[in-house]
Amino acid sequence: MRPLRPTHSLIVVTGKGGVGKSLLATSIARLSAAAGLRTVLVTLDTRDVRHPFLDVPLEYRPVAVAERLWVARTDPYESLVDYARTRMPFGGLYQGFVRSRVFRDFAAAAPGFDELMCLGRLYNLAVERDFDRVVFDAPATGHLRTLLDVPVAVQRAVQVGPLHHVAGRIRDLLLDVERTHVLIATLAEELPVQEALELVALCREGFRMSVGPVLVNRRVRFGLDAGTWERVHDLGARPQASPALRAALLVAAHEFGLAQAQAEALQPLEQAGLPMLEIPRVVEPVFDAARLLARVDAALAPLLGGAP
Amino acid sequence: MNGPLDLVRLVKSRRIIVCCGSGGVGKTTSAAALGVLAAQEGVNALVMTIDPARRLAQAMGLDALGHLPQNVALDAPGRLSAMMLDSKRAFDRLVDQLAPDARVREAIFANRYYQQISTALGGSRELVAMERVLEAVAEGGYQLLIVDTPPSQHALDFLDAPARIVSLLDGSMTSMLLRPYGIAARAQFRLFQQSSNAALKFFERLTGVQMFADLSEFLLAFSGLFDGFRERSHQVQALMRDPATCFLLVCAPEPASLRQVDLFAARLRGDRMDIAGMIANRVHRAPEGPAALELTSADTALLEVALGGDGAARAQARLVQAQLTNVWDDAWNQHRANTAALDAAAADARGQGELPRREIPDLGRAVSGMADLLALAGLLRRPYPG
Numbered sequence: 001m002r003p004l005r006p007t008h009s010l011i012v013v014t015g016k017g018g019v020g021k022s023l024l025a026t027s028i029a030r031l032s033a034a035a036g037l038r039t040v041l042v043t044l045d046t047r048d049v050r051h052p053f054l055d056v057p058l059e060y061r062p063v064a065v066a067e068r069l070w071v072a073r074t075d076p077y078e079s080l081v082d083y084a085r086t087r088m089p090f091g092g093l094y095q096g097f098v099r100s101r102v103f104r105d106f107a108a109a110a111p112g113f114d115e116l117m118c119l120g121r122l123y124n125l126a127v128e129r130d131f132d133r134v135v136f137d138a139p140a141t142g143h144l145r146t147l148l149d150v151p152v153a154v155q156r157a158v159q160v161g162p163l164h165h166v167a168g169r170i171r172d173l174l175l176d177v178e179r180t181h182v183l184i185a186t187l188a189e190e191l192p193v194q195e196a197l198e199l200v201a202l203c204r205e206g207f208r209m210s211v212g213p214v215l216v217n218r219r220v221r222f223g224l225d226a227g228t229w230e231r232v233h234d235l236g237a238r239p240q241a242s243p244a245l246r247a248a249l250l251v252a253a254h255e256f257g258l259a260q261a262q263a264e265a266l267q268p269l270e271q272a273g274l275p276m277l278e279i280p281r282v283v284e285p286v287f288d289a290a291r292l293l294a295r296v297d298a299a300l301a302p303l304l305g306g307a308p
Numbered sequence: 001m002n003g004p005l006d007l008v009r010l011v012k013s014r015r016i017i018v019c020c021g022s023g024g025v026g027k028t029t030s031a032a033a034l035g036v037l038a039a040q041e042g043v044n045a046l047v048m049t050i051d052p053a054r055r056l057a058q059a060m061g062l063d064a065l066g067h068l069p070q071n072v073a074l075d076a077p078g079r080l081s082a083m084m085l086d087s088k089r090a091f092d093r094l095v096d097q098l099a100p101d102a103r104v105r106e107a108i109f110a111n112r113y114y115q116q117i118s119t120a121l122g123g124s125r126e127l128v129a130m131e132r133v134l135e136a137v138a139e140g141g142y143q144l145l146i147v148d149t150p151p152s153q154h155a156l157d158f159l160d161a162p163a164r165i166v167s168l169l170d171g172s173m174t175s176m177l178l179r180p181y182g183i184a185a186r187a188q189f190r191l192f193q194q195s196s197n198a199a200l201k202f203f204e205r206l207t208g209v210q211m212f213a214d215l216s217e218f219l220l221a222f223s224g225l226f227d228g229f230r231e232r233s234h235q236v237q238a239l240m241r242d243p244a245t246c247f248l249l250v251c252a253p254e255p256a257s258l259r260q261v262d263l264f265a266a267r268l269r270g271d272r273m274d275i276a277g278m279i280a281n282r283v284h285r286a287p288e289g290p291a292a293l294e295l296t297s298a299d300t301a302l303l304e305v306a307l308g309g310d311g312a313a314r315a316q317a318r319l320v321q322a323q324l325t326n327v328w329d330d331a332w333n334q335h336r337a338n339t340a341a342l343d344a345a346a347a348d349a350r351g352q353g354e355l356p357r358r359e360i361p362d363l364g365r366a367v368s369g370m371a372d373l374l375a376l377a378g379l380l381r382r383p384y385p386g
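The listed protein sequences correspond, in order, to chains A and B.
1 is the number of the first residue of the first sequence in our numbering; add one for each residue after it.
1 is the number of the first residue of the second sequence in our numbering; add one for each residue after it.
Don't read these hints as lab results, they were simulated from the structure.
Treat the hints with care, since some could be wrong.
[Unchecked claim] Among chain A residues calculated to face chain B with C-beta under 7 Å, some are:
(1) G236
(2) Q240
(3) S242
Idealized CB from N, CA, C, for every residue including glycine.
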């Protein structure tokens, strides 16, 4: 496994909706900070006002979470206001206009505009600010494709002007295998695996980005080998078996079936020869973000060269 | 506790049921199972689905080209049909339908901006999905439409999409761009030289002249479609507020998913749309026995004999018992976690009115064939636990 290198200043974490991208991105940001990198975890604009796993508000400006770790939310309007203020001659004069309803309506509907502004913000954080690493909790497949297409499309559509340059710099960052690395998250289920394969093809073949390994979240491993299980699985039918053994074998059969179905669902990734990193399913009686993150951190540590 | 959600009554009394929820919560599967339930109740239903898993699609007869309604082989008093809502170049098709003439259509298709970024046009997939719903309503022939919604960053984009496009075309910014010219005028470049408008100057500075010209041309061509879009947008809004239409919020029994349900519910209520209730999928049942697994000495003996009866078998039997205990504890913990999350969400929602709720137990496998759909339909029919 090739771990993330310190030069990777932008880590894009993506995958199908519902596979646990945000959790894994949070963990990667924590590990990066722990490895000594000043890290900011960025989520695409969301209606959540607090981060789901870190007990901090989500704001446009990076909010400090722990030593060397910040969290921020991208927002196309805020990015635009920021851009206008810092980049445009007499930028302050435009603030009122940029914040006006008229402009917001327009920007909300103008094709590609939101995406470019969000990418611009990532670029700003990754390159121009004094962070060593941006971990981007990226949107699901369809939207990511758009996100990756936009800088190239805008560069082609806009021949000159500041937007042309911005789009060009963003494209250079995204496609630079020394600076940007893509991690694709999945579950061991049919549809997420299919999307993971599509994402690998898109990022690796389509855009020649640095990709991998595939992060397999909530993986279930059955603790007994198939031979042993084969010999005990039907003991519940014996008259000597207690109701407890009968019930336990039933639950175990369920688990065995799940582990097998997961292995089967991961076949296409194996056939494609893609390296995988498994994050075991964490079962806690009550949702506890800190305990959950600690377990995920342990599973993802090899990404940063740590022991599993 | 939330009241139970009576899905039998729902499929018999509504004409449109929209299933929404964030990605990966079993929305598509729930919509399909609801269709089976409707057919079992004698209702002729059409399930409009998005991107089903391969085996689910096969079960519903959608493995080939499913962009037109297909009959689902099902032994039930009602007829069940299914179709896919997703199609590539669907936006082209819409432009095709709405363009007043060939010249406008060609102008749009030829526009560089449209070609390169049309797929990014805010919520185009969502808009097309709603279009197909309107079509199906107009065509008639079904007593019930069950609509699966696209997975998107904001799962309510599909509601906003038509309005966003109308606001793009209707917005004052756009009128500002278009005002100096009639449809026939093509020399957008002069716009920048003539206009002293600070807003335009700003935009020009920001984006560069070329992009502005392309965008302006795009909007100009698109404005011919404006009446069509506005009309459709109003129809979609009216349809979503119709008393025969309701929304079902589908979620997983996990805090993050339940928080999304809260956000959806608030938004739908704000828009005066009717939320019939929520379906929590993959809820883990409690194992059948006390939380602490206590195997008897007879059980140990049984395991040892089955594993060979020698010294090695005794050690292996201990391993098996440890594994059985682990799995048992996990199952109990999953059940507790699911229940705690659902109860916490219900307590949080109490202020704004609780949603009738239906919990669907975890089947322990991906729902794939018609047998699974029938099992799920049975679970939708009967309250759980019970």
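Consistency of the hints with the structure:
no., hint, in the structure
1, G236, "violated, 10 Å"
2, Q240, "holds, 5 Å"
3, S242, "holds, 4 Å"
In terms of the numbered hints stated before, the structure departs from hint 1 and from no other.
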